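Asks: Sequence:
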Amino acid sequence: MNATRQVPRLLDDEHRTLLELLGRLESAIVRRETEAWPALARALVPQLERESARHFDFEERELFPLLAEGGDGAIAALLTEEHESIRAVAAELLPLARAAALGRLAAPEPFRRLGLEFTERQVAHIQKETMALLPLLDDLLDDDTDRRLAFEHAGA
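When the letters of the sequence shown are read in order and numbered with this note's numbering, they come out as residues 25 to 180.
In case anyone wonders, no lab produced these hints; they're calculated from the structure.
Since the structure is predicted, the reported quantities are computational estimates derived from the model, not experimental observations.
Errors might be hidden in some of the hints.
Stated by the list, open to error - Keeping only pairs whose Cα atoms sit at most 20 Å apart, straight-line, the calculated SDA-like set for lysine to any residue is:
1. 152 <-> 58
2. 152 <-> 80
3. 152 <-> 59
4. 152 <-> 37
5. 152 <-> 67
6. 152 <-> 82
7. 152 <-> 164
8. 152 <-> 41
9. 152 <-> 79
Starting from the given sequences, assemble the full structure and let the hints guide the process.
Replies: Now the structure itself:
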């Protein structure tokens, strides 16, 4: 992503960080490398507890209304629906990730299934945002709004 605005760059950086974690998680789950799960789960828990919610809330509160005003309400509605579906999986995965982080995962199969589902949904969602949302924002935001929102997002 070659964004000229701060907000799309910030979101893209967050996406890249999450994609790196999800890639490692998916690999460990598929290969059944259970010894790697506690460390990966420790990195995943903050994502599930607050980082994804902070990211989604910012987009829904600040960016999607701008898209709708600019005539791109359909993409905002689609991304909001995806947020809800990702939140639902994250809520189920969180207690399992907490247990895995402590090395106390009683049954690995639910963690495997939900970890892969969370990964699949997030990757597909990030791809949509990278191809649609971020370029739209780069065109839609003016300098003042971009600066204000970048500061707000950084402080959230």
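Asks: Decide, hint by hint, whether the structure agrees.
Replies: Okay, the hints, checked on the actual structure:
A hinted pair counts as satisfied when its Cα atoms are at most 20 Å apart, and residue 152 with residue 58 does not qualify at roughly 31 Å. Our distance criterion of 20 Å between C-alpha atoms is met by residue 152 and residue 80, whose separation comes to about 14 Å. Distance hint between residue 152 and residue 59 is unfulfilled; the C-alpha atoms sit about 33 Å from each other, more than 20 Å. For a cut-off of 20 Å, the pair hint linking residue 152 to residue 37 stands: about 15 Å separates their Cα positions.
Proximity of residue 152 to residue 67 is assessed by CA-CA distance (about 24 Å); at most 20 Å being required, the pair is judged violated. Distance restraint check for residue 152 and residue 82: the Cα-Cα separation of roughly 17 Å lies within the 20 Å cut-off, and the hinted pair is therefore satisfied. Taking the CA atoms of residue 152 and residue 164, the gap is near 17 Å; set against the 20 Å cutoff, the hint holds. For the suggested pair residue 152 and residue 41, the alpha carbons sit about 16 Å apart, so the restraint of at most 20 Å is met.
For the hint pairing residue 152 with residue 79, the CA-to-CA distance comes to about 15 Å; that is within 20 Å, so the pair holds.
The structure shown violates the earlier hints numbered 1, 3, 5.
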